[in-house]
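J.: Whole structure, please, built from the sequences with the hints as guidance.
For the sequence shown, our numbering assigns the number 1 to the initial residue and increments by one for each residue that follows.
Hints in this document: simulated from the structure, not taken from any laboratory. Treat each hint with caution, since some may be false.
Within a straight-line C-alpha distance of at most 35 Å, the following computed DSBU-like cross-link-like pairs (lysine-lysine) qualify [stated by the list, open to error]:
hint	residue 1	residue 2
1	86	126
2	42	126
3	128	42
4	42	134
5	157	42
6	41	61
7	42	86
8	86	61
9	128	41
10	126	61
11	157	126
12	86	128
13	61	134
14	134	41
15	41	157
16	41	126
17	134	86
18	157	86
19	86	41
20	157	134
21	61	128
So the derived label-pair ranges between C-beta atoms look like this [stated by the list, open to error]:
hint	residue 1	residue 2	range
22	159	128	19 to 29 Å
23	5	54	27 to 37 Å
24	100	11	17 to 27 Å
Quantities reported herein were computed from a predicted structural model and do not represent experimental measurements. A virtual CB, placed ideally from N, CA and C, is assigned to each residue, including glycine.
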Amino acid sequence: MNKIGTVIRVGIADLNTVRAPDTIRTLGLGSCVGIVIYDEKKQVAGLAHILLPDSTATRQKPVNAYKYADTAIPYLVERLLQMGAKHSALQAKIAGGAEMFKFGSGSDLLRIGRRNVEATLGGLEKLKIPVIAKDVGGNIGRTIEFNPSTSELNIRKVNREEIVI
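T.: In structure tokens form, the structure reads like this:
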């Protein structure tokens, strides 16, 4: 019997987890990074819509742990382990990190997309989670949807063909 699942939506500065046959989707990735961490065998996955790279500079209290790469990634891994995923089986796919605006200044502070990608990759490396595929950079927004049944990440770019990684 082939079950049809529900599409779980993840907002900006948010995260969630899913078990097959459900899929998980986020819209509006510009400079943000969408990170999917999954266990292919257990068919569980989580997606975080990361808005900023680092929580340490925020003055906002309480801190939204889902908003930052340095806090969202460990939190997402913990949620997946609670669902039965094995840390040694975790893999990741990422998309986003576009530079949506041109700045005259060469300041890295303004290059949020690139900083988000670097922080995401660094967080995954720290937790020893391999990045299987990525579609990052450029200057075009993305919508992504991950299917834990197939481990495919569908990426729709504005005015471009859909790709699967």
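J.: Would the hint linking residue 42 and residue 134 be met if the CA-CA limit is 35 Å?
T.: holds, 22 Å
J.: When you take the CB atoms of residue 5 and residue 54, is the distance between them in 27 to 37 Å?
T.: Since the Cβ atoms of residue 5 and residue 54 sit about 34 Å apart, the hinted range of 27 to 37 Å holds.
J.: For residue 42 and residue 86, compute the direct alpha-carbon distance and say whether it is at most 35 Å.
T.: holds, 8 Å
J.: Are residue 86 and residue 61 close enough, with their CA atoms no more than 35 Å apart?
T.: holds, 33 Å
J.: Are residue 86 and residue 41 close enough, with their CA atoms no more than 35 Å apart?
T.: holds, 9 Å
J.: Holds or violated: are the alpha carbons of residue 41 and residue 157 at most 35 Å from each other?
T.: holds, 29 Å
J.: Regarding the pair residue 61 and residue 128, is the alpha-carbon distance no greater than 35 Å?
T.: Holds, because 30 Å separates the two Cα atoms, which is no more than 35 Å.
J.: CA of residue 157 to CA of residue 42, is that 35 Å or under?
T.: Since the Cα atoms of residue 157 and residue 42 sit roughly 29 Å apart, the hinted pair holds (cutoff 35 Å).
J.: Holds or violated: residue 86 with residue 126, Cα cutoff 35 Å?
T.: With a Cα-Cα distance of about 17 Å, the restraint between residue 86 and residue 126 holds, given a limit of 35 Å.
J.: Given the hint that residue 42 pairs with residue 126, test it: the Cα-Cα distance must not exceed 35 Å.
T.: holds, 23 Å
J.: Holds or violated: are the alpha carbons of residue 86 and residue 128 at most 35 Å from each other?
T.: The given pair, whose Cα atoms are some 13 Å apart, holds under the 35 Å limit.
J.: Please work out if residue 157 and residue 86 have their alpha carbons no farther apart than 35 Å.
T.: holds, 32 Å
Checked against the numbered hints above, the structure violates hints 6 and 22; every other hint is satisfied.
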